[in-house]
Amino acid sequence: MANLLEVRNLRTHFQTYAGTVQAVNGISFSVAPGEALGIVGESGCGKSVTATSIMRLLPPNGKIVEGEIDFDGRDLASLSEREMQHIRGNEISMIFQDPMTSLNPVLKIRTQISESLQLHQNMTKAQAAKRSVELLELVGIPSPAMRVKQYPHEFSGGMRQRVMIAMALSCNPKMLIADEPTTALDVTIQAQIMDLMRELRQKLNTAIILITHDLGVVAGMCTRIQVMYAGRIIERGTPDDIYYNPKHPYTWGLLKSVPRVDARERRRLHSILGQPPDLLAPPEGCEFWPRCDYAMEICQRQKPELANIEGEHETACWLTHPAAAAHLAAKGGPAQ
Amino acid sequence: MMSAVNAVKPESATDTLVKVSNLKKYFDTENGILKAVDDVSFHIERGETLGLVGESGCGKTTVGRTITRLYEPTGGAMFFDGVDIFKTHESDLKPFRSKAQMIFQDPYASLNPRMTVGDIIGEPLDIHKLARGQERTDRIFELLDLVGLNREHANRYPHEFSGGQRQRIGVARALAVSPSFIICDEPISALDVSIQAQVVNMLEDLQNRFGLTYLFIAHDLSMVKHISNRVAVMYLGKIVETAFSNELYDHPMHPYTKALLSAIPIPDPAVERQRTRIILEGDVPSPINPPPGCRFKTRCSEVMDICHAQEPLLKDVGGKHQVACHRA
Amino acid sequence: METPVNVNQFRPVAKDIQMAQTIARPSTTYWQDARRRLKKNPLAMIGLFVIIIMVLGAIIGPFFCKYNYSDQDYDNRLASPSKEHWFGTDNLGRDLFVRVLYGARISLAIGFFASLINLTIGVLYGSISGYFGGRVDNVMMRIVDVIYTVPLTMVVILLMVLFQPGLKNILIALGLVYWIGMARIVRGQVLAIKEQEYVLAARMVGANKWRIMLKHLIPNSMGPIIVSATLNIPQAIFQEAFLSFIGLGVAAPMASWGVLADEGAQAIQSYPHLLFFPAAAICITMLAFNFLGDGLRDALDPRMRR
Chain A
1 MANLLEVRNL
11 RTHFQTYAGT
21 VQAVNGISFS
31 VAPGEALGIV
41 GESGCGKSVT
51 ATSIMRLLPP
61 NGKIVEGEID
71 FDGRDLASLS
81 EREMQHIRGN
91 EISMIFQDPM
101 TSLNPVLKIR
111 TQISESLQLH
121 QNMTKAQAAK
131 RSVELLELVG
141 IPSPAMRVKQ
151 YPHEFSGGMR
161 QRVMIAMALS
171 CNPKMLIADE
181 PTTALDVTIQ
191 AQIMDLMREL
201 RQKLNTAIIL
211 ITHDLGVVAG
221 MCTRIQVMYA
231 GRIIERGTPD
241 DIYYNPKHPY
251 TWGLLKSVPR
261 VDARERRRLH
271 SILGQPPDLL
281 APPEGCEFWP
291 RCDYAMEICQ
301 RQKPELANIE
311 GEHETACWLT
321 HPAAAAHLAA
331 KGGPAQ
Chain B
1001 MMSAVNAVKP
1011 ESATDTLVKV
1021 SNLKKYFDTE
1031 NGILKAVDDV
1041 SFHIERGETL
1051 GLVGESGCGK
1061 TTVGRTITRL
1071 YEPTGGAMFF
1081 DGVDIFKTHE
1091 SDLKPFRSKA
1101 QMIFQDPYAS
1111 LNPRMTVGDI
1121 IGEPLDIHKL
1131 ARGQERTDRI
1141 FELLDLVGLN
1151 REHANRYPHE
1161 FSGGQRQRIG
1171 VARALAVSPS
1181 FIICDEPISA
1191 LDVSIQAQVV
1201 NMLEDLQNRF
1211 GLTYLFIAHD
1221 LSMVKHISNR
1231 VAVMYLGKIV
1241 ETAFSNELYD
1251 HPMHPYTKAL
1261 LSAIPIPDPA
1271 VERQRTRIIL
1281 EGDVPSPINP
1291 PPGCRFKTRC
1301 SEVMDICHAQ
1311 EPLLKDVGGK
1321 HQVACHRA
Chain C
2001 METPVNVNQF
2011 RPVAKDIQMA
2021 QTIARPSTTY
2031 WQDARRRLKK
2041 NPLAMIGLFV
2051 IIIMVLGAII
2061 GPFFCKYNYS
2071 DQDYDNRLAS
2081 PSKEHWFGTD
2091 NLGRDLFVRV
2101 LYGARISLAI
2111 GFFASLINLT
2121 IGVLYGSISG
2131 YFGGRVDNVM
2141 MRIVDVIYTV
2151 PLTMVVILLM
2161 VLFQPGLKNI
2171 LIALGLVYWI
2181 GMARIVRGQV
2191 LAIKEQEYVL
2201 AARMVGANKW
2211 RIMLKHLIPN
2221 SMGPIIVSAT
2231 LNIPQAIFQE
2241 AFLSFIGLGV
2251 AAPMASWGVL
2261 ADEGAQAIQS
2271 YPHLLFFPAA
2281 AICITMLAFN
2291 FLGDGLRDAL
2301 DPRMRR
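Residue numbers (the working numbering), protein chains in the order written: chain A, 1 to 336; chain B, 1001 to 1328; chain C, 2001 to 2306.
Chain A extracted, bound-state conformation (with noise of 0.2 Å):
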């Protein structure tokens, strides 16, 4: 079956007054219809950009200056801002972060979800409203004929969050890009969310792909994860390949950073020195060499592609090449 979305190659730059920072330096990745893609990685790793290049949503100063995003037939980078108006809200949605300045405070939140099934979907102002309750329904809202009149401050930020899926599932779009919907919330508040999002999931077929930092989050809401590093992908795979069989050493460390609330015993968290280089002037060769346990001359020289290990499971580092055999074998695996 056709991918429904496809991006190859895409770079990212930022104009600042320092210089040009490459936040998104050559990724290529797709999304299957109806699956859940996660894109892990900390701040700075360029998975937001990743988002707001795919949904045009740049800054005056953001640019893609390579690349090609073959969203169901049309390549999103060439399009013109006219043509993305249609695609947003429509055949693409994305939610945010921080659900309390998402929402427009002076506007019914009945208003703000019409706003977008007039648009698209040309109804009239009674049949949105309509449609309106029905979605904050969708969404688990208690009372939504009462609840849609009112506004946004009215709301909690769990509450908040599902309007904010309730809008961007209005027009039943084809994919759902989340981008750290769940970082501002409670945990028993982000537990519902998730759940919420696995059922609209199944009920609409909607592809979703999740942003975020929260390596327990991805575990049991995607179908595949990408981890990204200093504006690359380096490791990619099903939840199975990256949690049980980790082949990058920036996987490893960050796997190895992270608490288990159901650990037995009391141990030293690994971590991992040091901090993501500085995307104005990125290192020769792999970006994680001056971190890496690992590093070898030729990580220093030339970046490594991603190169298949099985099946899905890909990962690029130079570790996986026959030559580093005995380098990984002499050093041994990852600290246990």
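Treat the hints with care, since some could be wrong.
As the list claims (entries may be wrong) - No more than 30 Å apart at the CA atoms, straight line, and that leaves these computed lysine-lysine pairs for DSSO-like:
no.: 1; chain 1: B; residue 1: K1320; chain 2: B; residue 2: K1019
no.: 2; chain 1: B; residue 1: K1258; chain 2: B; residue 2: K1320
no.: 3; chain 1: A; residue 1: K63; chain 2: C; residue 2: K2040
no.: 4; chain 1: B; residue 1: K1297; chain 2: A; residue 2: K149
no.: 5; chain 1: B; residue 1: K1024; chain 2: C; residue 2: K2194
no.: 6; chain 1: B; residue 1: K1024; chain 2: B; residue 2: K1320
I should point out that these hints are in silico values taken from the structure, not numbers from a laboratory. Since we're looking at a predicted model, the values are computed, not measured.
Please arrange chains B and C on chain A, whose structure you already have, making use of the hints.
Just chains B and C, lined up with the frame of chain A:
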């Protein structure tokens, strides 16, 4: 006038450094009285880390700020090393402020943007007259070393540093007075995952080295459980359960604790796949004019008649495990 | 395009944490960043340029002029602008250009010093009121409210009638009255900042109220303070000009722009140049300060960084 802090202490045979009794902090708002902290009691032993965990609005940050008198308490007592800090006059609090310190949540707001790092770390030295001149400079360098920063950083300004580095500066500032007790108010929530691990490891190392006592306030139960000896769970201004870390996870007794534990995502696909979640319906109610009886009754799956009428008190169920629930 | 892989390069190397911590971009302080943003604002830079020219002209200009401000050229009275007298002459034959330059000294000095007095009183008042809060704040702000309802120009006029015209008295009158704008701004800033975590941290570390005000609150309010002070200067210049215009300003023989304008207004029908040049000087200076002030406001706004 001799303040209570300087008076001869009564028998300090116990190892308890901090004892909070019936702490209350209410705020006046236009909609009524906001009971942010409503009768909270706990104690911390010397060298121990007590974790205080809960979701937004539960009052945990208010607890931290009230026991240090950054907020004036509405009621209760806070015994630090045997002396009730709440009864001390404001102008006599300096000695307390040289023994108890705090690390704050927002690395971007907890450092004065107009002061150099050296001045920020040196301010406590100046206020408490701990060091002057070359000695002061040496001490600042020593503190920077302790937290893993370079000496050259002393002349820089906060905005030149990353979030993790700024938190380290905050820790250095707290350590300047050589305190015995540090309150960590959400010190890592704003940091990236791998940096969180760095900072937590540093805090643990410092604790081992200097015998520090911590109150670790956070909403991330995984991290709180990792760093703490004992954990107290708060809900809507009250402590609902306290236990040793592993005990809390193995035998949670309060329905809220159970729900909280089941909501935490675990980075393990197999575990996640076969988990059954206890989903709490609805939202956290407002701490303004809370309902009578148990505050959790609106969302509790095990609610009984008595829960509506009578508020459950913290009850000992053995092994330093306490629960406030009628079902216990 | 596949680059060939050299299998000899698979030797292990040590990681480099220092490199991983290097900050690539040049460090800028708040002021450097503000300066850079200000430079990009053409109107503000024009304003700054004009002000610099004015100040230089006021200080050293008269040394380069052929005429002294009191030289009277009886044969050439009330002359229109010419190559000899760039701005023409007044009714006593004095060169108007040099008189305008001298007037600049007085007007600019008044503007600057009055603003300085306003700044000092306003900053202290506002920060005490904002930081102490509660009843202190209430009382102090009610006083400000009362003062605000009184038309301040009238107060200044009354003060000048009381004091008698004179440079020192103008400064006192202006200084006593126009600080309330600054006080409100500073109080607003202090209210916004005092719950910031670094202020809490300072309290935690044992700082007393004065230390917090002087080391933490006021330095972090410098942006709005500078903008307000800059915008106060043209206000003071205008007030002085107005007072002098109605005869309550500086006393003769000192001639500020206002005095010159007053003289010029009396002859406006026949000799408009006498009014035009001093009035133009006032307008251009005020505009320049306003442009600069607006530019500073944008440049110093921390939210617009980068």
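Right, here's what the structure says about each hint:
1. K1320(B) x K1019(B): Distance ~15 Å between K1320(B) and K1019(B) Cα, so the pair holds.
2. K1258(B) x K1320(B): holds (18 Å)
3. K63(A) x K2040(C): holds (23 Å)
4. K1297(B) x K149(A): Holds, at about 28 Å.
5. K1024(B) x K2194(C): Answer holds: K1024(B) to K2194(C) is near 23 Å, not above 30 Å.
6. K1024(B) x K1320(B): Distance ~23 Å between K1024(B) and K1320(B) Cα, so the pair holds.
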